[in-house]
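A.B. asks: Sequence:
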Amino acid sequence: EILVVDDNSPDGTAQVVKNLQSKYPLHILERASKLGLGSAYIAGFKKALELQADRIFEMDADFSHDPDDLPAILESAKNYDLVIGSRKIAGGKIIGWGFTRKFMSNGAMWLSRILLGLKAKDVTAGFRCFNSQVLKTLNLDEIKSNGYAFQEELLYKTQKAGFTITEIPVTFIDRREGKSKLSKKDIIEFFLIILKLRFK
1 EILVVDDNSP DGTAQVVKNL QSKYPLHILE RASKLGLGSA YIAGFKKALE
51 LQADRIFEMD ADFSHDPDDL PAILESAKNY DLVIGSRKIA GGKIIGWGFT
101 RKFMSNGAMW LSRILLGLKA KDVTAGFRCF NSQVLKTLNL DEIKSNGYAF
151 QEELLYKTQK AGFTITEIPV TFIDRREGKS KLSKKDIIEF FLIILKLRFK
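Counting in the working numbering, the final residue of the sequence shown is number 200, and the numbers go up one at a time with none missing.
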């Protein structure tokens, strides 16, 4: 089943999903406005748990994450609580990022791995599969990150809770249409959240 979280997108996403619901196992969670990346994920996770999902994927809807990778991730999820579609292990790669974006991403990953003791290589990956028990166990309402630090915070709390984590290689292709939503506010929040988690 597919759940689409739509923050009042101007491109008509919600209506497209509704038009296809009679033909495919689709669900739509509509929100009144753009309330942040983190809150969208949390709302989606809660809805997926309501739908009694056993394994819950998170992925971008712009094909930056290849749906063809889903079966391999799901197979790995039979043995692990969290599977990360990783761009940073052997066989994984990123297509379409310039030097600056790669530098910023690598620096952020290095810092969060050092400060938080994260074992995964790709700590900012947004292509993941959770055993639903992980999301039931963690208090999602305590996750404060609402921007791109959300991925690190959720990974940190998953690791800290003792759940098993692995990575499998994927190719990330930067979105072909539109622009990345990474902002200065997201960057500042990232550093503040990482420091808060480290020295909490």
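Treat the hints as calculated values from the structure; they're not laboratory data.
Among the clues, some could well be false.
Stated by the list, open to error - No farther apart than 35 Å at their CA atoms in a straight line, the calculated lysine-lysine pairs in the DSBU-like style are these:
#1 K78 x K23
#2 K47 x K23
#3 K78 x K93
#4 K23 x K160
#5 K196 x K23
#6 K23 x K102
#7 K78 x K184
#8 K46 x K160
#9 K119 x K136
Nothing here was measured: the structure is a model prediction, and the numbers come from that model.
A.B. asks: Is K196 close enough to K23, meaning Cα to Cα at most 35 Å?
C.D. replies: Roughly 46 Å between the alpha carbons, so the hint for K196 and K23 is violated.
A.B. asks: Keeping to a limit of 35 Å between CA atoms, is the pair of K78 and K93 held or broken?
C.D. replies: Given pair K78, K93 holds - Cα atoms ~24 Å apart, limit 35 Å.
A.B. asks: When you check the alpha-carbon spacing of K46 and K160, does it fall within 35 Å?
C.D. replies: Answer holds: K46 to K160 is near 21 Å, not above 35 Å.
A.B. asks: Given the hint that K47 pairs with K23, does the C-alpha gap stay at or below 35 Å?
C.D. replies: It holds: about 21 Å lies between the C-alpha atoms, which stays within 35 Å.
A.B. asks: Given the hinted pair K78 and K23, is their Cα-Cα distance within 35 Å?
C.D. replies: holds, 29 Å
A.B. asks: Against the 35 Å threshold, does the CA-CA distance of K119 and K136 hold or violate the hint?
C.D. replies: holds, 22 Å
A.B. asks: Is the hinted pair K23 and K160 satisfied, with a Cα-Cα distance of at most 35 Å?
C.D. replies: violated, 41 Å
A.B. asks: Going straight from one Cα to the other, do K23 and K102 come out at no more than 35 Å?
C.D. replies: violated, 40 Å
A.B. asks: Holds or violated: are the alpha carbons of K78 and K184 at most 35 Å from each other?
C.D. replies: The given pair, whose Cα atoms are some 38 Å apart, is violated under the 35 Å limit.
Figure legend: structure checked against the earlier numbered hints; hints not met, in rising order: 4, 5, 6 and 7.
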